[in-house]
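Visitor: Fit chain B to the given chain A structure using the hints.
Protein chains in written order, with the numbering used here: chain A, 1 to 712; chain B, 1 to 712.
Rather than coming from a laboratory, the hints here were simulated on the basis of the structure. Predicted, not measured: the structure shown is a model, and the values here were computed from it. You may find that some hints are simply not true.
Cut-off 25 Å, straight-line C-alpha distance, at most; resulting in silico cross-link-like pairs (SDA-like, lysine to any residue) [said to hold, decoys possible]:
(1) A:86 / B:527
(2) A:481 / A:658
(3) B:275 / A:589
A short, non-exhaustive set of chain A residues, derived as facing chain B with CB atoms under 7 Å [what the hints assert, rightly or not]:
(4) 412
(5) 529
(6) 565
(7) 603
The calculated label-pair distances, taken between Cβ atoms and stated as ranges, are [as the list claims (entries may be wrong)]:
(8) A:163 / B:426: 56 to 66 Å
(9) B:87 / A:88: 16 to 26 Å
(10) A:163 / B:423: 51 to 61 Å
Glycine is no exception: its CB is placed at the ideal position from the N, C-alpha and C atoms.
Take a look at the letters that make up each chain.
There are 2 protein chains.
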Amino acid sequence: MVNYDREAVQRVLAQVAADGRDSLTAPEGKIVCDAYGISTPDEGLATDSEQAVELAERMGFPVVLKIVSPDILHKTEAGGVLVGIKDAAQVAHGFRTITANAKIYNPNAKIVGIQVQQMLPAGQEVIVGATTDQTFGKIVAFGLGGVLVEVLKDVTFRLAPTDREQALSMIDGIAAAEILRGVRGAEPADRDAIADLITRVSDLVGDFPQLSEVDLNPVLATPTGATAVDVRILVDAEAATEPYRFSQQEILAAMNRIMKPAAVAVIGASAEDGKIGNSVMKNLVSGGYRGEIYPINPKATEILDRKAFARIGDVPGDVDVAVFAIPAKFVPQALKEVGEKGVAGAILIPSGFGETGNHELQDEIVRIAREHQVRILGPNIYGYYYTPEHLSATFCTPYDVQGGVALSSQSGGIGMAILGFSRSAQMGVSAIVGVGNKADIDEDDLLTFFEHDDNTKLIAMHLEDLKDGRSFAETAKRVSKSKPVVVLKAGRTAQGAKAASSHTGALAGNDKVYDDILRQSGVIRAPGLNDMLEYARGVPLLPTPKGENVVIITGAGGSGVLLSDACVDNGLTLMSIPEDLDRSFREYIPPFGAAGNPVDITGGEPPSTYRNTIALGLADERVHALILGYWHTIVTPPMVFAELVVDVVEQYREHGIHKPVVASLSGDVEVEQAAEFLYRHGIVAYPYTTEKPVAVLGAKYRWAREAGLLEG
Amino acid sequence: MVNYDREAVQRVLAQVAADGRDSLTAPEGKIVCDAYGISTPDEGLATDSEQAVELAERMGFPVVLKIVSPDILHKTEAGGVLVGIKDAAQVAHGFRTITANAKIYNPNAKIVGIQVQQMLPAGQEVIVGATTDQTFGKIVAFGLGGVLVEVLKDVTFRLAPTDREQALSMIDGIAAAEILRGVRGAEPADRDAIADLITRVSDLVGDFPQLSEVDLNPVLATPTGATAVDVRILVDAEAATEPYRFSQQEILAAMNRIMKPAAVAVIGASAEDGKIGNSVMKNLVSGGYRGEIYPINPKATEILDRKAFARIGDVPGDVDVAVFAIPAKFVPQALKEVGEKGVAGAILIPSGFGETGNHELQDEIVRIAREHQVRILGPNIYGYYYTPEHLSATFCTPYDVQGGVALSSQSGGIGMAILGFSRSAQMGVSAIVGVGNKADIDEDDLLTFFEHDDNTKLIAMHLEDLKDGRSFAETAKRVSKSKPVVVLKAGRTAQGAKAASSHTGALAGNDKVYDDILRQSGVIRAPGLNDMLEYARGVPLLPTPKGENVVIITGAGGSGVLLSDACVDNGLTLMSIPEDLDRSFREYIPPFGAAGNPVDITGGEPPSTYRNTIALGLADERVHALILGYWHTIVTPPMVFAELVVDVVEQYREHGIHKPVVASLSGDVEVEQAAEFLYRHGIVAYPYTTEKPVAVLGAKYRWAREAGLLEG
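The shape of chain A in the complex, shown without the other chains:
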């Protein structure tokens, strides 16, 4: 552990608190930096011009002069900074100029004095900072200084605490990273010094969470160090608060009862067609759920041949889940009764809570739920599905194609799109869950359950915000090591984010923060709804590649070019084919075909050419994934191609060789059937597009890379 002088910081913060200030002065900032080993220029505070001259002469010219005032945060704007002061006369003159400027800028500003600062040698200006994000809590930021970060927004974020490796990844993670590596013969900046500075800032805000913002801007990065030239630190007691978090055990205990209930009650069950309480009953029954179903309705004795109870308290046995199909205003009372019954999960279908502005009612039900140790799903949801239990606790229609994909959505409309797509594609699903207003259960709880759920192989989530981004990031980082997590974050863009707030009352965070932190958590971020659905469908079917060497084998040179474009777009590496392998490929393809990569077997080749070259790619250990481009011809019709591909891939699977194979099919309408046949056999194939199959392979690779599953 680094030896920090925490007491020095505490003293500064005590003074700031005593003064009722929310920011540190520059000298205070320097004390904090010194205490945490953050290098700053030699400097001193002068209260008159003689003192300023004396200080400047001590530290040596040139110097910088800066206003020191608790009331002036943007010094440059206030005319409060002069650089390149070369002699004593200039210092004296500068002192007077700055003081005058400050008085014009803010006549009421309390002026503490003028800071005289050593002027540093040339280097690259960078920004290092920490801030308190309302989704993720403490995060650190890094970017190039000056107009680059301001105009091009070339900046990157990580959750604090940030270790050295992460700090280095930040330095490499900006678009202009090359500048710090030294361009035009310039010496590279000292990456270690910058990384060290980032971790010190991260440690500082970790130790003192009331520091809401630490802004080192600029930091001068030279070949031999990194010095914080200007320091701005803000204090906010509320920045230290953290949301309530359940333990993993608590989450699993509740979620297991909710997802695999032995008994479900329907609060507001109804015999009347068209009522939500009727749809839920029907779906539970016709969906094939085999546990107990208890209709709760004071006015009925029987609903759908099930004995009805006036109140949940009347039910003889234990109840794990209560699905609410009653108006919002009746929810608090019913929730109390549900809690007293010892129910694990309240599935709140009704709307009329936070999403309509009724935050009080939502807060009230959360209070009741906590008190009775009931977890709430919703409110304002369509319900949820868990196919291994044949559970369709929803007012939509049942879904029964079992499989390994678990999906969740924050919006009902997106939930319906998930259901329709799944049914249309016959996608094997383990669960579809609506989280709606997320008054309680959120994506963390779902991730934790699905992590331990053997029926689930991949988790795909549509979300508009995260209640507790930090917890999500940490959970996703853990879960994604074993199962791919796909996230569609809506409200990505400024206009999108605006719509998000009007919809859920949730302020969407800066998208770059989401983007960096989701990536850091090993999440596959989907750019759109259809991408999320296609990744969910395809990624679990593909075996995990063992390395980065992708080979394109194509009958159509034109597809080869487009597939290559798609590889670059999706961060895939076209293998540089070794000479011996190239020779082997050439043995099977016509002399005017192109070996290399793409392997262009040319159009009009018989099935054997496809078969032989694909077999070569599967057999060669240096090849890790195959992308096939098919061109419809009379010699090799679509279904002949599809069947030979399945045959050769299965032959190698039998010998324990599992490589991801995707295919793009160009041809007349028969290619649609061929693509479906391939998909059913684990080869992710699409007609009329070179982009989609490569995007799914790219998603698989992004996950495998972050999960550390690729060799080398």
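Guide: Coordinates of chain B only, in the frame set by chain A:
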């Protein structure tokens, strides 16, 4: 016209030619700049240190010293530049240092002397240049100087000649454009001076096309001017050559005969199943072509009930088109005969030409074609379709869904994908044309024909390269004013471009050049194959919007957020809803729904709410386009939604109100049928995706904007 001193440039170039040099010295560069009114710093050439001191004292300190040597182009690298020289002693010392450095860098370098240059005040470094692109010929480039252009490649291109307006669009067209507008209180750079400098460089290379490269780097852009600090000019006589171009009249005369032939001959027609010459015959006949069909085959008397001829010369009447279905080696002789017969177009299906490395054979047939005034389509193609004439001159299958979309592809595989997609989507097509090796007929010829073809409403082209990019850009600029031109440029990326060269022998140009120039030509660039096909299908169905005000009306808030994201991604503007319109919307939606934009009518609303709000959007003149988000409910099932939308849209169409309406449908599988129904009625609708409908609307807008069809 600006008054340039062309003779001064001519004198310099004569000297360069006499010396056999391929570059200008710095003093020569300055003469050229002076002649074209390009501002450069005060400077002079010194051959000894005394002379250098004298020059420096004349122009005033500080000065810059630079090596002058025809053998040293990269001066900084050679240690040949010293800046900030402050007095006479430093000048003398600097002179010796630079000379010594240069001798170390290149002991054989001829050293002309040292250039002494006035050192300019602070400003933003930019780059202005002109180069000779092998696709587009003379192009001008603009970017920010230093690491920004080197590391971030933030640069933009235009075809030369470039007028003032285009030059200004370049200054605004870089990512970091804001920097020149003045950030952090800096004064803005003089945009007019930069634009002026760009046009002068453009004029210079226009007047002297043998200047293969003009590089002003850096140009110092200050609030009051733009001065070229360093000038590098390269000369290459070949840079002045331009490709052969047919006149518009020649193109139209030939293309009209080719696309609407009265008689077609099939060279190598065959009665034998499986032969290309048989497939072509069958497709001509069964496709319903009503002109004359002449099988040419020396060994047959009749093929498919048509009298066969031994040679095309034996055919009694005129022949407009000859489709070749014979091996490559027989093509030259047959082409001669075809030429002698006066055929307008030779459709060369056979492969075995440039694409297999046989460039000589390809050159030979082009020579024969030119001699006989035959235009060649291909070689190495699947043929072509023109549905208004029921013409399927191809070995694929006939296509008969008539409509306004004309498509072309450079690759046979992509052609098959076009055919399959079209058939699957029942897309109305006017033509599908394979251009293959483009030995002669290329996209220009097709564009020119389709421009005048009343059957064609939109042109979509897959291309890997352009033979004559300048001519394409100019043609596309003209055509796209009246008809949308969609281009899928393959080989976009480095890896993609590599595949392109191995496929067609065509070197794909720098993609940024393509991107800028295609945009400048009003072309809608499609990012991928599927996008090109969806744009082709959807864009002609949508009416042209009258302005930028897009309104989202959605039943699912979640879709609204994603649709907003998609709007930003596609450069669409969400209308800021005026208060009175907001009030009108609110009259129809529940109190907890969100007006604003998206208009969130909330789920569970009856058909009337959709109908009323959509009608409002159609009726209000300030709204220019609608994006609908549908959420499947029992209250408004998918087909009910689809029918009401068609009904209300058609009602307004009857009153002369035509606005583009697109829709995203979220729901169970019934939404697929609803989306198809909507599409058939001119509402571009998709299930399970929020991205695609907005992308198609975005494509329509991009075209309408460039074509100058939007008001305001």
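Visitor: Starting from the hint 56 to 66 Å, judge whether the C-beta atoms of residue 163 of chain A and residue 426 of chain B obey it.
Guide: holds, 58 Å
Visitor: Measuring from beta carbon to beta carbon, are residue 163 of chain A and residue 423 of chain B in 51 to 61 Å?
Guide: Holds: the Cβ-Cβ distance is about 57 Å, inside 51 to 61 Å.
Visitor: Tell me if the interface restraint on residue 412 of chain A is satisfied: Cβ within less than 7 Å of some Cβ in chain B.
Guide: holds, 6 Å
Visitor: Are residue 86 of chain A and residue 527 of chain B close enough, with their CA atoms no more than 25 Å apart?
Guide: violated, 56 Å
Visitor: Between the beta carbons of residue 87 of chain B and residue 88 of chain A, is the distance compatible with 16 to 26 Å?
Guide: holds, 22 Å
Visitor: With a cut-off of 7 Å, does the beta carbon of residue 603 of chain A approach a beta carbon of chain B closely enough for the hint to hold?
Guide: holds, 6 Å
Visitor: Quick one, is the residue 565 of chain A hint okay against chain B at 7 Å, beta carbons?
Guide: Interface hint status for residue 565 of chain A: holds (4 Å vs cutoff 7 Å).
Visitor: Regarding the pair residue 481 of chain A and residue 658 of chain A, is the alpha-carbon distance no greater than 25 Å?
Guide: Holds, at about 20 Å.
Visitor: May I ask you to test the interface hint for residue 529 of chain A with respect to chain B, counting a Cβ-Cβ separation under 7 Å as satisfied?
Guide: Holds, because the Cβ-Cβ distance from residue 529 of chain A to chain B comes to roughly 5 Å (cut-off 7 Å).
Visitor: Is the hinted pair residue 275 of chain B and residue 589 of chain A satisfied, with a Cα-Cα distance of at most 25 Å?
Guide: Roughly 22 Å separates the two Cα atoms, so the pair holds.
Taken one by one, the earlier hints fail for this structure only at number 1.
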